[in-house]
Amino acid sequence: MPAMDDGDLKITESAAILAYLANKYEVAEHWYPRSDIKARARVDAVMHWFHGSVRKGVSPLVLEKVLFGAFGMVCAYANEVCAQKYLDGTKKSLSTLEDIFLAKNKFVAGDEISVADLMVASEIEQLCIMKKEPTGTCMAELLEPHPKVRAWLKTVAETCAPHYDAVHEGIRGFAATL
8 MPAMDDGDLK ITESAAILAY LANKYEVAEH WYPRSDIKAR ARVDAVMHWF HGSVRKGVSP
68 LVLEKVLFGA FGMVCAYANE VCAQKYLDGT KKSLSTLEDI FLAKNKFVAG DEISVADLMV
128 ASEIEQLCIM KKEPTGTCMA ELLEPHPKVR AWLKTVAETC APHYDAVHEG IRGFAATL
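In the numbering used here, the protein residues as written are 8 to 185.
Among the clues, some could well be false.
[What the hints assert, rightly or not] Only pairs whose alpha carbons sit at most 27 angstroms apart, straight line, appear in this in silico DSSO-like list of lysine-lysine:
#1 138 <-> 161
#2 155 <-> 138
#3 45 <-> 92
#4 31 <-> 111
#5 139 <-> 98
Note that these hints are calculated values from the structure, not bench results.
The structure presented is a predicted model; accordingly, all values stated were derived computationally and were not measured.
Please put together the full structure from these sequences, using the hints given.
Here it is as structure tokens:
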């Protein structure tokens, strides 16, 4: 669970942490708008949507299909019925990104990158540890029907270079060991 301790403030939840940090450090407006409340509402909307969609599908899918087995763990939920539910949720989230959030925008909340892009892209990057064998699917296969999502991920990585690759180096390195 994401958590942060900033002196007298103890806070959980990644969206709240990102908003707090963006405000505290007065990052560039495009990351988390302060003066344009409509732009901020679009960023907030994506971050709230994320928890009930992308996160709800990708994280448990990766747990069920890869991590439990990789670490020799058995979980009461580790079964194909659950995994299929999470796979379906992941596919639906990718379709929503493609057809709604990226239909007319370069980034998920508009034409400039924001903390919402970082949240969603980082979650999708977890799919890199999905291998066709033995999981039955892989990141490339899941993203194949979504050209806008693929282009957006590339744009986010390029916009945040070299930091994007550095942040995701750990999970990509882990994926290479599987």
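*Hinted pair residue 139 and residue 98, Cα distance within 27 angstroms*: At roughly 16 angstroms apart (the allowed maximum being 27 angstroms), residue 98 and residue 139 satisfy the hint.
*Is the Cα-Cα distance between residue 138 and residue 161 27 angstroms or less?*
20 angstroms, holds
_Against the 27 angstroms threshold, does the CA-CA distance of residue 155 and residue 138 hold or violate the hint?_
Distance ~22 angstroms between residue 155 and residue 138 Cα, so the pair holds.
*Take the C-alpha atoms of residue 45 and residue 92, compute the straight-line distance between them, and say whether it is at most 27 angstroms.*
With Cα atoms ~34 angstroms apart, residue 45 and residue 92 exceed 27 angstroms; violated.
_Hint consistency between residue 31 and residue 111 [alpha-carbon to alpha-carbon, up to 27 angstroms]_ = Between residue 31 and residue 111 the Cα gap is close to 31 angstroms, so the pair fails against 27 angstroms, i.e. violated.
In summary, the numbered hints that this structure violates are 3, 4.
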